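Work the whole structure out from these sequences, hints included.
For the record, the sequence lines run as chains A and B.
Take 1 as the starting number for the first sequence in this note's numbering and just add one per residue.
Take 1 as the starting number for the second sequence in this note's numbering and just add one per residue.
Misleading hints may appear alongside valid ones.
Claimed, not checked - Below, a sample of chain A positions facing chain B; criterion: calculated Cβ distance under 7 Å: (1) Lys45; (2) Val46; (3) Val51; (4) Leu164.
Since the hints were derived computationally from the structure, they do not count as laboratory data.
Bear in mind that the values here come from a model prediction, so they are computed numbers and not experimental data.
Note that the Cβ used here is the ideal one computed from N, Cα and C, for glycine as well.
There are 2 protein chains.
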Amino acid sequence: MTNRQTNEFPSVSELGEQGILDAMLPLLATRQATLGPGDDAGALKVEGGEVIVSVDTLVENQDFRLSWPSGFKHRAYDVGWKSIAQNVSDINAMGGVPTGAVVSLSLPGDLSVEWVKDFAAGVAAAVESLGASEMAIVGGDLGRSTEISITTTVLGECRYGKVLRSGARTGDLIAVAGRLGSAGAGLAVLESSKQWQSWNRSVRRLVDAQCRPEPPLASGPRAAEAGATSMMDISDGLLRDAERLAKSSKVNFNFNSRDLEAFKARLEPASLWLKQDSLSWVLEGGEDFGLLATFPAAAEIPEEFAVIGEVQHQPGRRSLTKIDGEVVNGSHGFDHFKTRRTI
Amino acid sequence: MTNRQTNEFPSVSELGEQGILDAMLPLLATRQATLGPGDDAGALKVEGGEVIVSVDTLVENQDFRLSWPSGFKHRAYDVGWKSIAQNVSDINAMGGVPTGAVVSLSLPGDLSVEWVKDFAAGVAAAVESLGASEMAIVGGDLGRSTEISITTTVLGECRYGKVLRSGARTGDLIAVAGRLGSAGAGLAVLESSKQWQSWNRSVRRLVDAQCRPEPPLASGPRAAEAGATSMMDISDGLLRDAERLAKSSKVNFNFNSRDLEAFKARLEPASLWLKQDSLSWVLEGGEDFGLLATFPAAAEIPEEFAVIGEVQHQPGRRSLTKIDGEVVNGSHGFDHFKTRRTI
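Listed below in structure tokens is the structure:
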């Protein structure tokens, strides 16, 4: 617990609940909600007659570490950023716009209040920088635990209809928006025993992609408007998530290796540094929160989407994911219960 | 960790994420949602143009124990029940009807899958028994942690307008619906060293009130329809919560001791058993999730509400809570950071 605490600042248990709220809430008051924090519930206007909702939890030592093998100290700011990023990404993945959020914080009593303020600053910065300009933090919950745990629930609206996982059709083009492999490469750097002081700027940029991921928030609604037939965000790696999308749609996915190779360039600094193959990060790296979508071949695909393959008929009982026609197994990489997923 | 695990059943890490979902989801499929679990986000219809939202977290050894000093083993079923009860209560407290929920579970790998199934059964039973007949579980999140932590977010709609904490006016009557002190008495029984095998039926009923609280779900909307000027749920004890309501409304609250005494009868079995004063549970016991509301004197107060006092003018700078005109200090009892509250 020593790396949590600094002696200069009071701990959350010393300051007490009202003190924590007084320190945090001004940092979070970014937008006007119908009813913000302070009552039994928050309230949000819903214009389209339907609200979409998604929840994700970040747990210390499971989803982030306060201190990495590389010696790098993880800022609370980055934890706050990621708690927003991964949740607005789920709304984006359905073609929606995030309109509100509630945040539940479970904190050890010895945690410094500065940690909590830095966390709140990261939440506010992510809302601002990612362009979630309609999103208000309308409430939350605060309590004690032995490990830091943050659960964020985001609400949103789909103004061009909901893009589900189940709509991909044979002949559709498969496309991605956002990064592929950067956060995975950054994670490998953080977990390496090579110390952080020796990172160059390109390596550092990959670590930033892991710590402060940037889901392409404008692209979800744009894809919906352009007629995307299916979509999801890539949180557990391209192959694994493609397998899910193909399965939901009862189709096969075929990727073109040449299109995937194009994503390697950005990862080369980490590849050289760690002597690891950068293609594995492209295929299996998670947490960039890019979008994986399918479009009818005749659609005008928004320009930030790169076409990487084609949806094929599924003749057998199981959906297959292929590269250049060769079946790959998307199940390697992550154990689901080690990572998190929306149920 | 030994009291978590039974050797007869696989642990959550043995079964894996899909196995856990397969075991849980059928138990939770109580209602039809626009879009249920399985995609990036769930979806809910919103008829009134506004949604209200509230979140609460339950953490092992903070908000519940798997094993109590009385030797009583806490069922996962009861944890599931309470995770729903305390959240629908927040919606109720605003005069709303719960329409949907998402549940995030953080679980130790060695936890038995039977625990998870029992939890899900408790969630479903609470939705059913408490009368949350319009509420669908539309999604969730599943991941690992070292301590059990459950965060439930509930959405709802206020069909008679939102009843806030800030609307109490001088001359209004103060009334409560639901239990007062039962859950607090039950907690004292659980935490006592007197072993559970010797509980009689009346004592056991108080323990049930703590483990499976029953917020009066029909009463929130009914109070709103009857013109309640302010309302909140009593989660941290009457005095503490009254102090909050009075402060939000910038008024004083004056309770009649005779009206409060009436709530003692139900608590006598525990009072005799533990040799503790039952009035302290009435005044300071939390987690019954009854409603504390104010009504204009001319209102037709719904019959399940018991009038316990009157709203008075606040001449000074601070709101005061009184009993028979004598100022009481609502701040004793709980430390806020030990319990949880909505921010």
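Check: Failing hints, ascending?
Finding: none
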